[in-house]
Amino acid sequence: MLDIVRNIPVQTMPWRSWNLSTVSDLFSEFDRLWNEVSASLGSTPRTGGYAFDLYETDDSLVVEMAVPGLRKDDLEVRLEGNQLTVRGTYPEAPDGERRYWVRGLPRGSFVQSITLPASVEMDKIQATIADGLLRLSLPKVEQARVKRIAISAT
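Counted from 1, the sequence shown has number 116 at position 99 by the working numbering; the numbering is strictly sequential.
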C-alpha cells in the first residue's frame, strides 16, 4: 500500500549580520533569531510591540491595538503607502526611592509598524480609542474590495 506524504518545502533562513557590541545587543540578537525560527516552524511570531489584531471585512481593514492607560493625546497614527505606524508614549515612573520587585508596566515611547495587505482610502480612515483599545477602520480602495459575482443558470 502506498503512503501519501505531504511535501513541506524547507524554508532557509536569510543571512544576517550579528551586532554584538554590548551584552544587550547579544540578547536582542537572540530574540530576533528566536522570532525568525519560531515563525519558520509555524508558530505565531512576536510582533516586537503591543498586541494588535488586523482583520478585514468586505469593505475595510480593521486594526485593533491594546494601548492600556493611554489617551488620544498620547498616540500618533500615520499611514505611508501600505505601512501603518502607531507611536505612543507611556509616562515615565516617578522619581524617588523605589525598589521594584517586578516591573511589568510599559514606560516611555513605543513604535508599532504594520504592513497592510491592501490599499486603503486615506481620507476616510476613522480612529477611535475607548477602554484601552485603539480601533482603526481603514476603508479599502475600490479595486481592493470584494466583489460578488452573480451566477446565472443556463
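These are calculated hints, taken from the structure and not from any lab test.
Since the structure is predicted, the reported quantities are computational estimates derived from the model, not experimental observations.
Glycine residues also receive a C-beta, built at the ideal position from the N, C-alpha and C atoms.
Among the hints, a few may not be true.
Pair by pair, the computed Cβ-Cβ distance ranges are [said to hold, decoys possible]: (1) Thr-132 with Ala-83: 16 to 22 Å; (2) Val-119 with Ile-166: 54 to 60 Å; (3) Tyr-72 with Val-119: 29 to 35 Å; (4) Ala-167 with Val-119: 55 to 61 Å; (5) Glu-159 with Thr-132: 50 to 56 Å; (6) Tyr-72 with Thr-171: 42 to 48 Å; (7) Asn-99 with Ala-68: 42 to 48 Å; (8) Val-79 with Pro-123: 35 to 41 Å; (9) Ile-168 with Glu-81: 45 to 51 Å; (10) Thr-132 with Lys-89: 22 to 28 Å.
List time: in silico SDA-like cross-link candidates among lysine to any residue, alpha-carbon distance up to 25 Å [stated by the list, open to error]: (11) Lys-164 with Arg-120; (12) Lys-164 with Lys-89; (13) Lys-89 with Gln-143.
Tested hints:
1. Judged by the Cβ atoms, the range 16 to 22 Å given for Thr-132 and Ala-83 holds: they are separated by roughly 19 Å.
2. Taking the beta carbon of each, Val-119 and Ile-166 are about 56 Å apart, inside 54 to 60 Å as hinted.
3. Range check, Tyr-72 to Val-119: Cβ separation about 33 Å, and the 29 to 35 Å hint holds.
4. Separated by about 60 Å at the C-beta atoms, Ala-167 and Val-119 satisfy the suggested range of 55 to 61 Å.
5. Our hint of 50 to 56 Å for Glu-159 and Thr-132 is violated, since their Cβ atoms are close to 21 Å apart.
6. The hinted range of 42 to 48 Å is not satisfied by Tyr-72 and Thr-171, whose Cβ atoms lie roughly 37 Å apart.
7. For Asn-99 and Ala-68, the Cβ-Cβ distance of about 21 Å falls outside the hinted range of 42 to 48 Å, so the restraint is violated.
8. A hinted range of 35 to 41 Å for the beta carbons of Val-79 and Pro-123 is inconsistent with their spacing of about 23 Å.
9. In this structure the hint that Ile-168 and Glu-81 lie 45 to 51 Å apart at CB is violated, the actual value being about 35 Å.
10. Taken as a hint, the range 22 to 28 Å holds for the pair Thr-132 and Lys-89, whose Cβ atoms sit roughly 24 Å apart.
11. Using a Cα cut-off of 25 Å, the hinted pair Lys-164 and Arg-120 is violated, with the two alpha carbons roughly 49 Å apart.
12. Using a Cα cut-off of 25 Å, the hinted pair Lys-164 and Lys-89 is violated, with the two alpha carbons roughly 35 Å apart.
13. Between Lys-89 and Gln-143 the alpha-carbon distance is near 13 Å, which keeps this suggested pair within the 25 Å criterion.
The structure fails hints 5, 6, 7, 8, 9, 11 and 12 (numbered hints given earlier, in ascending order).
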